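Novice: Taken in sequence, the protein lines are chains A and B. Under numbering that gives the first Met the number 0, the first residue of the first sequence carries the number 0, and numbering increases by one thereafter. Under numbering that gives the first Met the number 0, the first residue of the second sequence carries the number 0, and numbering increases by one thereafter.
Keep in mind that the hints were calculated from the coordinates and are not lab data. The structure presented is a predicted model; accordingly, all values stated were derived computationally and were not measured. Glycine included, each C-beta is placed from N, C-alpha and C at the ideal position. Be aware that one or more of the hints could be misleading.
What the hints assert, rightly or not - Dumping the calculated DSBU-like pairs for lysine-lysine here, alpha-carbon to alpha-carbon at most 30 angstroms:
(1) B:Lys128 x A:Lys237
(2) A:Lys154 x A:Lys128
(3) B:Lys154 x B:Lys128
(4) B:Lys128 x A:Lys108
(5) A:Lys192 x B:Lys199
(6) A:Lys199 x B:Lys108
(7) B:Lys154 x A:Lys237
(8) A:Lys20 x A:Lys85
(9) B:Lys192 x A:Lys192
(10) A:Lys192 x A:Lys108
(11) B:Lys154 x A:Lys233
(12) B:Lys192 x A:Lys106
(13) B:Lys199 x A:Lys108
(14) A:Lys233 x B:Lys106
Stated by the list, open to error - What the simulated footprint calls covered on chain A by chain B, stretch by stretch (three residues with Cβ under 8 angstroms from a Cβ of chain B suffice, anywhere in the stretch; the number is not a length):
(15) 20-32
(16) 161-172
Number of protein chains: 2
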Amino acid sequence: MNIAFIGMGTMGAPMAENILKAGFDVTVHNRTREREEPVAAKGAKRAESPQAAAAEADIVITCVSDTPDVEAVILGDKGVLHGIRKGALVIDMSTISPTATREMAEKLKGKGASMIDAPVSGGSEGAVKGTLSIMAGGEAADLERAMPVLNAMGKTIVHIGPVGAGQIAKAINQVIVAGTYWSVAEGMALGLKAGLDMEKVIEAVGGGAAGSWGLSNRGSFMVNNEYPLGFRVKLHRKDLLIALEAARELGVPLPMAAFVEQVENGLIGRGFGDEDVSAMARNAREAAGIDA
Amino acid sequence: MNIAFIGMGTMGAPMAENILKAGFDVTVHNRTREREEPVAAKGAKRAESPQAAAAEADIVITCVSDTPDVEAVILGDKGVLHGIRKGALVIDMSTISPTATREMAEKLKGKGASMIDAPVSGGSEGAVKGTLSIMAGGEAADLERAMPVLNAMGKTIVHIGPVGAGQIAKAINQVIVAGTYWSVAEGMALGLKAGLDMEKVIEAVGGGAAGSWGLSNRGSFMVNNEYPLGFRVKLHRKDLLIALEAARELGVPLPMAAFVEQVENGLIGRGFGDEDVSAMARNAREAAGIDA
């Protein structure tokens, strides 16, 4: 089976390598062409455009940054749409708008091709280790065809629903991350201002109803006011904007997600956009005068 | 060692029974006296007032509802303060104001007695099984004296800091519960309005950065819009008010905790105050028109 993989970023490059390792024929493309080289050195072919990459592929995977990037790769000049074979499958693993996803799926259908949205969580570490969580939207038959390739990249693969459902699940993931992390940041500000040993508080409350991945894995970042990656604030803000746009279309108010998006907006403006998203605790700490 | 236990409520009664089972002599008192009977039937003595209960005790435990209740039991007519022996120890396991706690500790000190604040989490199930998490504030030597008795009631016992620190840790616990549950409720509203199978979404996102006790253990309540106990909305609202008061005294803004307190205020007004605190999802669902 021939796999085209478009997008050799922090996520895409190791994901493509894992597909190679699983024994598939892989053709890669990246807008900045030299980023293709490390994966090509390990056995991938290179294509000069998304169109060219798609021309020979049974499955075309895209993993780029944002909605306009996926639209350029799929719909643009020399885009996948102009090269895709009848019966081929596109798997978009970027985190983008569910509405734009459904529109692209319709256009690909016009060429006899189908599409799955399959955004991931688990970060660059999960991409390297092949342990990503994959939230998939699409037809069951298409997902079945995709499984051997998805299994090379991920550990937990859940079929959420029809095309776009994977993107909505990812949006939900980011909304929950926003509020969970912020609640830890508020609790942290209260305890630090009161002079408590917050590592002890994390120990005391982490096993009960207040427990979360964020508290256990990012609480210490917030105590120390240092936020190594992780997942960048500016990428999380991008994902929250997707969630807020989807919520607007659906008529769902998300007051907490909107609040955290504003917090992250300020963090990016102050130059903290490349820190881990737990850096939102900077705001809670500073508003309490802890770092004054 | 003689233990006095004041407050035979849903929490206090099984906690006192566990102390009895551990082999201590226990004297109980409750404002509504007939509530003493089940524990007395298992071997506890009864006292007609907090003062009388304290008169023979090495350790006096209080476990009642709110700050004024503890103040009445400790400082009121026939309160513990008027019966306490020199060198005795008071352990307050209620969830109350850290400031009021420190004031009572001072007054007890005037009688040659000391005090530990030791609020708990883990609910009535934890009280029955003796698996509570106990967040303790006080002198290390006092905590050491208390340990044999605390071990009869709890599994995780953490010494957070000086008198009042246990209450602040409990306030932090409730602040984090508020935001964590609400973030799950927002994500839930987005997914339900989009028509997703939310059990699948919980499966897909629960193991990653969005994961929390609330998502894993209360997510299904929110999907089904049914909120069996659990921990009552009205008790959580009481605890949030304590947290907000402590935050006001310390100069710490808690915008999310204040928001959730308002949500719970409305729930109580609509007659949902005895549901589990995850009932805050009613607001997120209804604001999105899901139950219309």
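Novice: For each hint, tell me whether it holds in the structure or not.
Specialist: Each hint, compared with the structure:
1. B:Lys128 x A:Lys237: Roughly 46 angstroms between the alpha carbons, so the hint for B:Lys128 and A:Lys237 is violated.
2. A:Lys154 x A:Lys128: holds (10 angstroms)
3. B:Lys154 x B:Lys128: Satisfied, since the Cα-Cα distance of roughly 10 angstroms is no more than 30 angstroms.
4. B:Lys128 x A:Lys108: violated (59 angstroms)
5. A:Lys192 x B:Lys199: Measuring from Cα to Cα gives roughly 40 angstroms; hence the hint is violated.
6. A:Lys199 x B:Lys108: holds (26 angstroms)
7. B:Lys154 x A:Lys237: Violated. B:Lys154 to A:Lys237 sits at ~42 angstroms, over the 30 angstroms cutoff.
8. A:Lys20 x A:Lys85: holds (27 angstroms)
9. B:Lys192 x A:Lys192: violated (40 angstroms)
10. A:Lys192 x A:Lys108: violated (57 angstroms)
11. B:Lys154 x A:Lys233: violated (41 angstroms)
12. B:Lys192 x A:Lys106: Between B:Lys192 and A:Lys106 the Cα gap is close to 25 angstroms, so the pair holds against 30 angstroms.
13. B:Lys199 x A:Lys108: holds (26 angstroms)
14. A:Lys233 x B:Lys106: With Cα atoms ~52 angstroms apart, A:Lys233 and B:Lys106 exceed 30 angstroms; violated.
15. 20-32: That given contact is violated, which follows from only 0 residues of the stretch 20-32 of chain A lying within Cβ reach (below 8 angstroms) of chain B.
16. 161-172: holds (count 6)
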